[in-house]
Amino acid sequence: MNIIALVKQTPDTAQLSAAMDGLMLSADGGPRIVNPWDEYTLETALQAREEHGGKVTALCLGPPEAADALKTALAMGVDEAVLVSDPAMADSDSLASARILVAAIRKIGDFDLIVGGRAAIDGNTAATAVQVAALLGIPLVSYVAKLRNLDPSDRTVTAVRLLEKARETVTSRLPALITVVKEINEPRYPSLIGIRKAARADIPVWGCEDLGLDPSGVGAGASGVVWRTELPPVREAHIEMIDGGPEDAARTLVDRLMEEKVI
Amino acid sequence: MDFELSDEHRMVERMVYDFARNEILPSIREHDRNGTFPHELLPKMAAQGFMGICLPERYDGAGMDFISLGLLSEGLEWADSSVRETIAVHLGLHALPVFQWGTEEQKERFLPPLATGANIACFGLTEPGAGSDVAAMTSRARKEGDTYLVSGEKMWITLSDVADRFLVFAKTDQEEGTRGITAFLLERGWEGLSTGTIKGKMGVRASNTGWINMDEVPVPESHRLGEEGEGFKIAMSCLDNARYTVAAGAVGLMKFCLEASVSYARQRRTFGQPIGDHQLVKQLIAQMKQRVDLGELAVRKVGWLKNRGMRNTRETSMAKWYCTESAFATASDAVQVHGAYGYSDEYDVERHLRNSKSAVIYEGTSQIHQLMQADYEFGNRTDRPLRCEMPAYDPAYWQS
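So the sequence lines, in the order shown, correspond to chains A and B.
Under the numbering used here, the first residue of the first sequence is numbered 558, with each subsequent residue one higher.
Under the numbering used here, the first residue of the second sequence is numbered 1014, with each subsequent residue one higher.
Excised from the complex, chain B in its bound form (with noise of 0.2 angstroms):
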């Protein structure tokens, strides 16, 4: 058993922080305040190659690890998680369930934009009345010739105004539920696709989230993902790759929670003494600690399972329910520390814990997750091997 991080992850680890705290702390307060989307850190993030970290060089990759795509989104969340959801959403939600399900042709096709983020890709599975309900979509596809008409409405999706890629989901066959579920990949400018954006979000305020409408898209077979009827499997495979990130991100907010609030109790005094001392504030101070080192333990352990191509649907589950609810309250730990100054957006926790609070309701809440667990435990629910598995990271493929 190794704990330690080869140098390799540790030279990526130390870069995204410095990059977090260059290019995305200056200006982040002010995009959330704005609720702006920081359009500026898209070409600086594809030029460090964030866009296809563990995508292999074949295809235009960085040819890195599932260690590495968790380290990424750590850092990136350390300094906002609105950033983090743009690595989620376009490699987790779209680039990877590309490189997973897709023909060699489409990889081809696909991948190598995508990795290097001349295009921006997005995913749509939740509607106005299907979230965690994935059956209830009314989104539907008819297939005329070689061609499918997709029509529905995609709600609460992140980049749906900023992004250039599509990977939606329609009922093919609306008799099925779940297997009547198909996948296909969009582009902007196809006639009958229009988006557009949420306003009033409570936090991730710097991330774009919107709706995607489609009326009768014309999409050609080639833009299938997996075989008719696949949807629903593809979707849930999508997610444990989302998750993971989602997971990870939050281990660096609460990391950046307790840097900020160990500083802060350092330095502010009441009754003659740093907060620090006092018997309360450590305690916050303990179980901060405590939910990072057990997050980064539940993440590490994911990214291992990755890494060695086995299937991880309940241990990234677990680890998304557990770090999304522990940085919330992390969050909320670390606002209660710096007193009133927490409440201001002038100090970092207070965007903290506002952007939190979407990571335990969205890629599953976290009452979907404890009904998982328990459906594993009691044998509901089992994982059956896939068409098409996530391969194991092979340094020698994805290097070459």
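This is chain A alone, in the form it adopts within the complex (with noise of 0.2 angstroms):
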């Protein structure tokens, strides 16, 4: 089966420290790394592909450095990857990011499963996938924890979605998109000769021209979503002393309490 796993580099949160100015991240950005959720992405499509043969093609969105997120693919295991990357591309919003995801999936050709992460940690819209499931017209099964079964010769995905009070089985016929995750698998490291031969892999960079797309229908100037950052507001604080014995003390402490609104 084709199978086609959305990846996407982010900053390692992990290592934000050096490399936030202010609330925002510096112009570097710090350290960069494969989505931590993509990761169970190319571990369900990886699993996939070794119980049912075929091929998986990583596709990933981003700047030229983003072909590092997809070597890791490529050392996991992925037999193809894909950079989507030209400048107009910039600050798309996640609709946009769906509009040229599509386009490269068009590109591709014929697929039986797209593998998503539940989101990316940098923008954490947990939108993208799901836009470009309704863009292509397949079924959509988000937060998927385990593939109960999946049959290609009958055509249909039969997944346990996570949801917060519940767990929910759902079918869905092929193809589709889903999106998973952390509690469905343990993503493997990518291997030494994995390693090896990603390091020499010449990935191919799909830009606008590439896809049929016109500028102007991507970026930031096609992008609805505007991105403002704010603090939370200031707690004002203020410490009173209560002099007195244990139970006086008590006594106007519970007062002072009420008449706060505290109890």
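Just so you know, these hints were derived from the structure itself, not from any lab.
Errors might be hidden in some of the hints.
Simulated pairs of lysine-lysine, BS3-like, Cα-Cα distance not exceeding 25 angstroms [as the list claims (entries may be wrong)]:
| # | chain 1 | residue 1 | chain 2 | residue 2 |
| --- | --- | --- | --- | --- |
| 1 | B | 1214 | B | 1370 |
| 2 | B | 1057 | A | 739 |
| 3 | B | 1212 | B | 1314 |
| 4 | B | 1057 | A | 754 |
| 5 | B | 1057 | A | 703 |
Hints are included, so try docking the two chains, each in its own frame, into the full complex.
The structure is reproduced here in structure tokens:
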């Protein structure tokens, strides 16, 4: 079966302290990694291929440096990797990103399953993969914690979704898009042999022209979402010392707490 | 001149550090406290290709170079010295010497199970009465037909109770000093071979250290490594490999101690400010970083020499001496930065300090390395070509 794994490169949130400029990431953004949720994406795709045969293509939208994330995907064992990158695409919101990804998916060709992570740890919108499914007109099964049955001959996938207070088992026809949560598997590390192959790999880069996209239809200009960062309001606090013996002090304390409507 | 790591090296580095963070750190404190060997790590390390990282693919290795071996050692010891020791001994002191000195038949027979981790291997040179003074060894081998009967005791042997393959050294000629020493490849289960574990070590408690006892162990001639009398040269060339991993590992240990100290000095406050704002703490941090940078340079240079197939005994000795002494100083400073908390095993720097003391003793004490360096300078010591040199790293060969 043909599987497409959606992979994003994100800042390494474990090492943000050195990369912050006020509330925003500094210009270089610090060390970058494969979006941790997408490690589960890649493992899900690789396990599906190992069980059913076929091919896994990792697809990433990002700046040229994002090729590093695809090298990790190749080192983990995906068969092919495609980077979608074009200066015109910078600062696309999730919907604009989804449009770009859909164009790339159509260029890749036939697919049975698309896998994505539940969200990316940078924007954390959890929207892009959903919008990809909608634009492609294929079923979406989100928050998948278990693939109970993937049946390429029957053209169905049965998955267990992890919801806030429930688990829901859903059967969908293929092709479909699933997003996965970390309960689904234990991502493998890239192997040394995989790393060697990945380091030598020549990763194709597709821009607007390759995808037949009008540059004005992507990027910041075509995005409806505006990002603004604000600190939470400062909390005013003061200290009041209560004098007197334990009983008097306790009585005063209770009175004061009731006055302030704490109790 | 190029100091930049290749894409391949950077990926190895990242993967190894991820492995160390996720697989070693969570359980190593308990192993250290209990003095237990982390057996559960061996299959995981093997699955990653660590056990044969720089052995050619034709022998089931991962076909990578010596810089990668250094990065692996560094990343593992960032978490704990004991895990790096497994690679130093299994690969540096056993598999690589078989690759360097073995006949093609021996390589084809012995290397694949070592590269895949199906066999775990160790190295027996030191004896109760012979450490740095190798010529004082009393282990002996006498030949009967095409079999050697090997007897003696080896001490302070890493992995002695874990390994199934043993590279041991014994005198085939009692009159000849170091020129009478021969190398043998023994296997667990052979008659007369027994092993045991030493308890009560100050550090590297999650490593297995012990003894090997050999009582007339029959060793077929096919298991002799190199020629008769070549054992001392083989042993010294083994150390060129393992000392490199020790030096690289010490850099990893220093990196951990530096990261932990910077992080702690940012959070811990005294006299109304983070302790990192106090000049004497800054000095400790700056000195740690100095040792990390210089140690890394020394290690990378040795890796480069090895990749080029150039003799590196002196440079490896220098890197081992500098990096292990620096690691001991750095771990000690890290404990100092952490104050009383650093003295508790709740913090990893305490374990790193105990671990770091071992490496200034084994694989040549710091004193031996200083004698070596001085002897090179005075012209009392030169490295003559070996009958079997470690070849330069050639990707076309290693990856075929």
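The hints, checked one at a time:
{"no.": "1", "hint": "1214(B) / 1370(B)", "in the structure": "11 angstroms, holds"}
{"no.": "2", "hint": "1057(B) / 739(A)", "in the structure": "20 angstroms, holds"}
{"no.": "3", "hint": "1212(B) / 1314(B)", "in the structure": "37 angstroms, violated"}
{"no.": "4", "hint": "1057(B) / 754(A)", "in the structure": "21 angstroms, holds"}
{"no.": "5", "hint": "1057(B) / 703(A)", "in the structure": "24 angstroms, holds"}
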